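With the hints as your guide, set chain B onto chain A.
In order, the protein sequences belong to chains A and B.
For the first sequence, position 653 (counting from the first letter as 1) is numbered 653 according to our numbering, and the numbering increases by one without interruption.
In short: position in the second sequence from 1, add 667, done, that's our numbering.
Hints were generated in silico from the structure; no laboratory data involved.
On a predicted model such as this, the values are computed, not experimentally measured, just so you know.
Note that CB positions come from ideal geometry on N, CA and C, so glycine has one too.
A portion of the hints provided could be inaccurate.
Claimed, not checked - Covered stretches of chain A (chain B as the covering partner; in silico rule of three or more C-beta atoms under 8 angstroms from a C-beta of chain B):
id, region
1, 34-45
2, 166-178
3, 256-264
4, 454-467
Number of protein chains: 2
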Amino acid sequence: MTTQATDAGRDIARRLEKGQKRNTYLDLKPLAEARDLWFAAIEASGFALQEEEVPLPEARRRVTSRLVQAALSSPPFHAAAMDGIAVKAETTFSASTRHPLDLQVGTQAFWINTGQKLPEGCNAVIMIENLVASPSGESVRIERAAFPWQHVRKLGEDMVHSEILLAPGTRIGPYEIGALAAARVLSVPVCKKPVVAIIPSGSEIVPLMQAREEDLCEGRCWPEFNSLIFASLVEEAGATARVCDIVPDDPDLLQKAVRTALAEGADIVLLNAGSSAGSRDYTAHVLQTLGTLLVHGIAVMPGKPAVLGLVDGHPVIGAPGYPVSATIVVEEFLLPLLARLQHTINPARQTIEARLCQPLPSRPGMEERIRVKLGDVDGTVMAVPLARGAGTVTSLSRADGMLAVPAASEGLDAGAAVSVALLRPQETIRSALLAIGSHDNTLDLLDSLLRRRTSLACSLTSVHVGSLGGLQALERHQCHLAGSHLLNLEDGVYNRQAIRDNISEPVVLLRLVDRVQGLMVRPGNPLHIEGIRDLVREDVTFINRQRGSGTRVLLDCLLGREGIRAQAIRGYRDEEFTHMNVAAAVLSGRADTGLGVLSSARALGLDFIPIGVEEYDLVIPQRFFEDSRMQALLATIRSRVFLDQVAAMGGYGTEKTGQVVWEYEGR
Amino acid sequence: MTTQATDAGRDIARRLEKGQKRNTYLDLKPLAEARDLWFAAIEASGFALQEEEVPLPEARRRVTSRLVQAALSSPPFHAAAMDGIAVKAETTFSASTRHPLDLQVGTQAFWINTGQKLPEGCNAVIMIENLVASPSGESVRIERAAFPWQHVRKLGEDMVHSEILLAPGTRIGPYEIGALAAARVLSVPVCKKPVVAIIPSGSEIVPLMQAREEDLCEGRCWPEFNSLIFASLVEEAGATARVCDIVPDDPDLLQKAVRTALAEGADIVLLNAGSSAGSRDYTAHVLQTLGTLLVHGIAVMPGKPAVLGLVDGHPVIGAPGYPVSATIVVEEFLLPLLARLQHTINPARQTIEARLCQPLPSRPGMEERIRVKLGDVDGTVMAVPLARGAGTVTSLSRADGMLAVPAASEGLDAGAAVSVALLRPQETIRSALLAIGSHDNTLDLLDSLLRRRTSLACSLTSVHVGSLGGLQALERHQCHLAGSHLLNLEDGVYNRQAIRDNISEPVVLLRLVDRVQGLMVRPGNPLHIEGIRDLVREDVTFINRQRGSGTRVLLDCLLGREGIRAQAIRGYRDEEFTHMNVAAAVLSGRADTGLGVLSSARALGLDFIPIGVEEYDLVIPQRFFEDSRMQALLATIRSRVFLDQVAAMGGYGTEKTGQVVWEYEGR
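Looking at chain A on its own, in the form it has when it is part of the complex:
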């Protein structure tokens, strides 16, 4: 038993004594209601950002606090728009090719460069191209009359003194800087940059950069990095983030930290974590003690235990500890507040219409935020949900979009039309090939090389649902291609029969890799596992892959050949979705062995007992084969750099890589 467990024991025992249970006191409010309540209280308290004047060169990214008028007309005088001579047009009216006119320099004609002020009395410019100067330079000859105001930028042509230049709430970018400079607004009225104090709390956490890896791996500490995510979100929103020292779970210390942050000039305080209703969750308590607690709990998953309130008229927000939940709370409450205080737009993500690839169950009464991968297939954007866990921070970094399931919904069916808030530029979605199917490590490598090769004009998005799921998705026109390694038990041939059974349209079967499948075991193979027959041993726990995956089909095929009943294998019903997760299960001791590819075993330093070589192919509909993105993918697959890097991963054969191994005519 670890020290942590003892601490937890003391703590939880105390909690049980007091009858405190998790979420007991959470009073869930709908998101919009909670936000309105908070905003109204902030407004009622009179809280507002001050205005300040900043010199123009420092105004970039700042937000105007009121309307800005031109301080000077632009141009501030009638200016030459060309190099040449300035004249009074009326004096040139008699000039023609037959009767050229000589103008005296200094009285009738004045040398002038682009941008210069027209001399008094002049109202036109004649271009240097249309002049002949006398040898002495005392006069110039013209062969055509000038019309009034030709080649002249008139005073105020761009803007006139006092004209409204920028509305309040305008974020100042390069163009606004140009307009302000031209209008001689050298000092710009902007909102004071809001200062957000971020207070990380938790007795067990240590700053990320100081946490020792061996302590982390043993669970002796927990690295704090939510503050890094928040600081980045806050800075992107045009505010200043001040990350405070970590505060232990102690209500007095937390109160002190909030008071100090406010005393040191914070406009807003963000507490993280401790926002739930457990025995060590003090955020709500701190608010009740120091100020006003307005909201404790929102009907949104992830993000439920949010806390909103006010202390001394300053907005205070408490976010839960899981990074995804915390991020959603910051995005739904803090970022809109920052925009509101600066009277500017919360750069609302653009939403697009998409179709859901898989059914999405949801709990009624709770709004849900689901991260999705997106791909544009035949002009329809397909949305594939990512892992929902509140701790899966990669579901944020991997996501292309965020989908909101309304509170009233019991879930969405596959194929449902959904509205998705984009996390990446729409162009990126359009340029991506969407692969749904079996997982292989070379797909991630392929994506990286494809991006590099095409200067990011093309990318590969892959979603792992197993070989059979991929073929089904392909048949439903939900993706551009599918990775598959489905062995047919009868003829021992890969993929062809599965394609005949599942696909109606013509497809091309392209070899990606031959790969070695085998049993992964802990280093040194402590249980002396030698093959499939060992899986039935009493002392061996197996970790399986999900139904429909090629590896599962291979296993079942091998078991059949050996006459082994599945029920005889301990852990046969314990399933994982990727090779890497199987490897992780073995490494962690959760299982003693699992079937998978050599590259995954190698990546985690496991030993490996090869079972056989299988064919891992890409199934590509004929109608996409000539698509320029697909051709770029093929070129990448056939490139030297891909072959070399695949070889270096180990366990792969690349003899047939990039070859079309079969063409299916469809039915």
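Just chain B now, with coordinates in the frame of chain A:
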């Protein structure tokens, strides 16, 4: 004659001697060809950015230089997903409501908090809610079996050690920081930030912040601010901008400046201006002397005199002096280069389909970049071109989008479908009301107040084409409303006959303001102008408004009443498009008087001879009247703050402001 004119004379005379004329040496290349040529040469020269490792907290906005793999699995062990006890699930299988099971704390059950590592041998967590602890705390009672891995976040559930986390060329945002932190990538391989040296040049320019206003107004100097625009564009693109001191037009000094910038670590040099082929345009010469001149002139308006080349293997770019041209050159060449060097995406602006409101003539053989205002009318995005001048920097800050007219085109017809690159979020376009018609200063004020009132959920975009043009645009469904003040000569009633003549659908006529029209004259009224009759005086020059404007109609009506012939007025054919530009023409001495509103005269400090009060109305189609944006506009018009601020501008009556003065049933 000013000193400048003398300098210009010397300079231009020298140029004429040498036979050098403007653009003589420009060799215009199509944009894409020029860019490809430059990029190919840069690649051939071996120029590339170096890689560096930065600590994670400093990695925000940087771009990954290669693929990044997880350094640690997340979670790094099997972790509790709930507070409660950790157990081996198999020991709980007998528990039920009828037969509760007591587990010994410390041997069979282990207190655990969310996030902590499961003790050896445990594979499930039972939530605190489902426990009853014995009074001594030595055992806990459960009434339900735990299934294996319940409430456990398994090792590697989010990501497994060595999994690919980020592709190369990924710009690191808040989510990426979270993923890197969770995967314990504490040092991130990123591209070195490119350093762009910006060298402003020109003998007549002075730094913006140092230029004295009286010198500017007299044309004694020209403020340099392009470098501010460029620095902002460069920094937004994730690079470092180094603005150098202004260099006079001297080839030796320019060469020295380029050499110094490179010696001090610049990766890229941007020279501005001097990129054309005049006698003082040395950029091309500098490149020829120091390195390689690849491109001198591109077939794009604005932006034609661009210079591209290499010095010592470093990209060098020369941009022209006019801010709009210069900005387009930077955006079309430098920003794509910065993206390419960092192997990331040039955040290509999103493009949308729109319809052109007005015809757009264009010179064949030259690509054109036209700034447009946008509005979504009945689901169709309408594009209204802004001023094209290369010096009109407000055409950038006012623009919602940028439209490219291809080189082959001789122009586009009104109603043509065009593709527009967005300069603002699409939401902003959707939330804007588009007003096309007569200009009045209160419209700009109205926009500011509407934005503030609705927290930017709504805005008013106004385009000035005169009253009649507005009614015609309304009839063509190109806008949401039109400002109009068209007097009918026969009955002396405003707007109604013009609406009957031009509009078929039902509209509401809403009074915005009554306004005083009059003759603007220079302060002190030196020519003693007293009324319309003075316009025919020999010593008086008039500045007119364009045909179709309400003010022009009013003038013609007044002239008719007085029996004055238009031909008798000097300047009758000299036209401006807004009241403010008429005022500017009078202020500058270009004309002695013009007809316009008091607020414009006041804004520029002119004297004003009132002629009469006119009705300035908004014409609003019935079908838009209930639109929430329109209702927000109405509420703003009727607000105290609008009435007060309009009154403060002077020359306006607000008795009927916000009243529906007429409802037209259509025909």
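Hints, one by one, checked against the model:
Counting residues of the region 34-45 of chain A whose beta carbon lies closer than 8 angstroms to any beta carbon of chain B gives 0, which falls below the threshold of three, so the coverage claim is violated. Coverage of a stretch by a chain is defined here by at least three residues with a beta carbon nearer than 8 angstroms to that chain's beta carbons; for the region 166-178 of chain A and chain B the count is 10, and the condition holds. Against chain B, the region 256-264 of chain A contributes 0 residues with a C-beta closer than 8 angstroms to a partner C-beta. That does not satisfy the three-residue criterion, and the hint is violated. For the region 454-467 of chain A, the proposed coverage by chain B is satisfied: 3 residues have a C-beta within less than 8 angstroms of a C-beta in that chain, meeting the threshold of three.
Hints 1, 3, counting from the list given before, are not met by this structure.
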